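Visitor: The listed protein sequences correspond, in order, to chains A and B. Using numbering that gives the first Met the number 0, the letters of the first sequence correspond one by one to residues 0 to 152. Using numbering that gives the first Met the number 0, the letters of the second sequence correspond one by one to residues 0 to 152.
In case anyone wonders, no lab produced these hints; they're calculated from the structure. Here the structure is a predicted model, which means the values were calculated and not measured. Just so you know, not all the hints are guaranteed correct.
Identical copies carry no separate label here, and so any pair may be met within one copy or between two of them.
Heads up, simulated PhoX-like pairs for lysine-lysine below, C-alpha to C-alpha not over 25 Å straight-line [claimed, not checked]:
| id | residue 1 | residue 2 |
| --- | --- | --- |
| 1 | 132 | 121 |
| 2 | 151 | 132 |
| 3 | 151 | 121 |
| 4 | 24 | 151 |
| 5 | 135 | 151 |
| 6 | 121 | 24 |
Protein chains: 2
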Amino acid sequence: MATPASFPPRTTTAEVELGTLLQPKFGPDGLIPCITVDLATNEVLMFAYMNAESLDYTIRNRRAAFWSRSRNRLWIKGEQSGHALNVVGLYVDCDQDVILLKVENLGPGACHNGYRSCFYRKLVAEADPEGPKALKLEFAATRAFDPATVYKK
Amino acid sequence: MATPASFPPRTTTAEVELGTLLQPKFGPDGLIPCITVDLATNEVLMFAYMNAESLDYTIRNRRAAFWSRSRNRLWIKGEQSGHALNVVGLYVDCDQDVILLKVENLGPGACHNGYRSCFYRKLVAEADPEGPKALKLEFAATRAFDPATVYKK
Chain A
0 MATPASFPPR TTTAEVELGT LLQPKFGPDG LIPCITVDLA TNEVLMFAYM
50 NAESLDYTIR NRRAAFWSRS RNRLWIKGEQ SGHALNVVGL YVDCDQDVIL
100 LKVENLGPGA CHNGYRSCFY RKLVAEADPE GPKALKLEFA ATRAFDPATV
150 YKK
Chain B
0 MATPASFPPR TTTAEVELGT LLQPKFGPDG LIPCITVDLA TNEVLMFAYM
50 NAESLDYTIR NRRAAFWSRS RNRLWIKGEQ SGHALNVVGL YVDCDQDVIL
100 LKVENLGPGA CHNGYRSCFY RKLVAEADPE GPKALKLEFA ATRAFDPATV
150 YKK
């Protein structure tokens, strides 16, 4: 395991937004949001958080790693399912407080519910007369694998 | 302006993850992360946060609205630049704590720095021997508009 990663302190807005030094901003909880997209299709596969250690791991190993807030530990994507994500490109947004990974998905899907993408449901287009209390979703994807087989324990 | 939006309370994990009722999870700060992608190319354009009011506004008006954390107010994208985002599809992730918008970008770019996407910089592929303290970015896009002209004030 890498030693705790030390990213540089943030400097000026101009340097952060238009410079060429990685100066990621971690929130008060030590985390930075990360969007993961499929290299081939640009489809958003998942969204998770990284701490400095998982960002460092991802950069060093070119394999997506996050911070699991529910398990409170480093989460190397695919460690249980085998559905690892090979990182081909790592991007930052303008103010360097969001990471974007372009990945090759080594498994059939990135979602623990068996879908390629976690974003498998879409709001039904027709406005609901009952308002926000009863907005309906529809499934916009079919399952790519059976989670009961992949996540056994 | 709409009255404060009231989304339904969250129920069981099964209902949240595999059901068909929109039950968004707002964090302790009242916000939910939102990824915005271009309808035509799937390119991630930007990332911002919504509160219940901005999510409700977005759904009702099919126009992207967020919560500006810096200005502490509703932020209708394009209100100053004219670069509004027409929402064609709204998706949620598996545990309904992230929103994804598919949009038509009515302007040349979504980023206040003049780029189509906020993710205009990419980590240089070669690992830096100095480690995380000195990781270099390179520009992966060219400017789509001049921010000095668009943001005049």
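Visitor: All the hints need checking, so say for each whether the structure fits it.
Guide: Hints, verified against the model:
{"no.": "1", "hint": "132 to 121", "verdict": "within (16 Å within a copy, 41 Å between copies)"}
{"no.": "2", "hint": "151 to 132", "verdict": "neither (36 Å within a copy, 40 Å between copies)"}
{"no.": "3", "hint": "151 to 121", "verdict": "neither (29 Å within a copy, 37 Å between copies)"}
{"no.": "4", "hint": "24 to 151", "verdict": "neither (36 Å within a copy, 28 Å between copies)"}
{"no.": "5", "hint": "135 to 151", "verdict": "neither (31 Å within a copy, 41 Å between copies)"}
{"no.": "6", "hint": "121 to 24", "verdict": "between (31 Å within a copy, 16 Å between copies)"}
Consistency with the previously given hints fails for numbers 2, 3, 4, 5, ordered from lowest to highest.
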